[in-house]
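Chemist: If you read the sequences in order, they're chains A and B.
The opening residue of the first sequence carries number 521 in this note's numbering; numbering runs sequentially from there.
The opening residue of the second sequence carries number 521 in this note's numbering; numbering runs sequentially from there.
Bear in mind the hints are in silico, worked out from the structure with no lab data behind them.
Owing to the predicted nature of the structure, the values given are computational and were not obtained by experimental measurement.
Hints should not be assumed to be uniformly reliable.
Same chains, same label: a pair holds when it works inside one copy or across any pair of copies.
[To be verified] In silico SDA-like cross-links for lysine to any residue, where the CA-CA straight-line distance does not exceed 20 Å:
id: 1; residue 1: K794; residue 2: L705
id: 2; residue 1: K637; residue 2: D624
id: 3; residue 1: K794; residue 2: R712
id: 4; residue 1: K794; residue 2: A626
id: 5; residue 1: K794; residue 2: T715
id: 6; residue 1: K672; residue 2: L707
id: 7; residue 1: K741; residue 2: L707
id: 8; residue 1: K672; residue 2: A537
id: 9; residue 1: K637; residue 2: A532
id: 10; residue 1: K637; residue 2: E556
id: 11; residue 1: K741; residue 2: A537
Protein chains: 2
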Amino acid sequence: MITVARVADLRARVAEARAAGRRRVGFVPTMGALHEGHRSLLDVAAGAGRADFVVASVFVNPTQFGPNEDFAAYPRTPEADAALLAGAGADLLWMPEVGDLYPDGAQTFVEVTELTKGLCGARRPGHFRGVATVVAKLFAAVQPDVAVFGEKDWQQLQTLRRMTRDLLLPIEIVGAPTVREADGLALSSRNRYLTAEDRPRALGLSAALREMKERRAAGEKGAAALLAAGRAVLAACGVERVDYLELVDAETLVPLETLGAGPARGLVAAFVGKARLIDNAAV
Amino acid sequence: MITVARVADLRARVAEARAAGRRRVGFVPTMGALHEGHRSLLDVAAGAGRADFVVASVFVNPTQFGPNEDFAAYPRTPEADAALLAGAGADLLWMPEVGDLYPDGAQTFVEVTELTKGLCGARRPGHFRGVATVVAKLFAAVQPDVAVFGEKDWQQLQTLRRMTRDLLLPIEIVGAPTVREADGLALSSRNRYLTAEDRPRALGLSAALREMKERRAAGEKGAAALLAAGRAVLAACGVERVDYLELVDAETLVPLETLGAGPARGLVAAFVGKARLIDNAAV
């Protein structure tokens, strides 16, 4: 695995790979602090003939953090990240500096207007504008054929699918299933913020989603009843600061009153100790 | 010259040209109603080794028109456009429909925040958001090496240069000098709106810019004095509805008080009869 920082070096390496006969370039953008969930994204990128040259990027993107969020504190583990990516089969690691992605005087932003209105978009103003902007830049630099994002950030995945389609980018967007601990906790770089006392409470998120899924499987179609059951689980687990718990159309993210026709998704965000955690599941 | 509508057909033709050994794809996006100014953009694209395969597009972009502007009335002359482009040496003409560029549910927009605050951006809310968005889409579809825009839309040219740089698009942006009638009137598709009585008044725009340029050459450095001289020319020509007349830094578009250090640009917009005309020049 080769590591580059500058956009010009990245482009040269990707061009070399294509000239050498690699037909499909896969791309896994990350913010580093990598875990097994990220490794699975690499597996998905290289699997099923999706890509024969895989680029991973590590960049903690300042424009997707709000002024009171954890940009400065966000875990940065570049050596461990490089080791994990090399072990996971990445061909090229791109670790740009802020100035590579935001040149002096940068003032261009990409916004996806509807999908970002609710859920995390409502609680983190400007977050998805920052995400869409940086991913548009990353895509322009790498020019991949396929890019893989985790389903754990479901709203992000849908937003980036929409952006890619709307901007006519010739890139296939693939979602990779959430990787979980044995007890159900979704892997997240922010799990590092959890103390020993926080850890059992953090299970409330996945447990609430599981409860809603089970009740739905048992016949309950009313969103209000399902959400009440989910909230009860969160409370029983000691999760007090719930940011949101919603049942939405899986693609449009519009809140549902009754489940039935299309695929529904349950999404939850909550503070546990210092960590703001998110999770989601098909319901 | 081949004409295509669908994005897939456009991509196939461009890919064919590249496979056949064309090394540099040039792109001239237009809204049709073509005139000699557009022909000059084609000449610039094909000149100086900039491109050996030139794509032109004709698309009247709805998102850059305000609700009270002339989207419906904007002149549409597809047959004449195709003839002019074939004669000007375009290799491929792309005439997409609205649905090709704005698929169902499209909700992604590109914004350049600072350069679009003043001048036409202040008078036409959303205009440059529409321009940046559609050009980002056109660029993604054509993937040119070089794109040519007229200097007549100076704020647009600077905005698209900035967007291209900020989004890391590997595209060279070239500005082509404004083409004028013998008497100085800048060519514009909207000149068709001018009646015989309007036509002499429309000369006020270029005359005002010329007056400022001459006074600057004669030593006047104060923006206020230069603008007063320009406004006097507009008034003398009978141009009553002046939208703006400004002297700005040519690149940042920040208004100047004193001319001297960097390149300065005079920009003017005014209504003459039913037409809103714009013009600009180095001062």
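Chemist: Against the structure shown, which of the earlier numbered hints fail to hold, in ascending order?
Modeler: Of the numbered hints, 4, 7, 8, 9, 10 and 11 do not hold.
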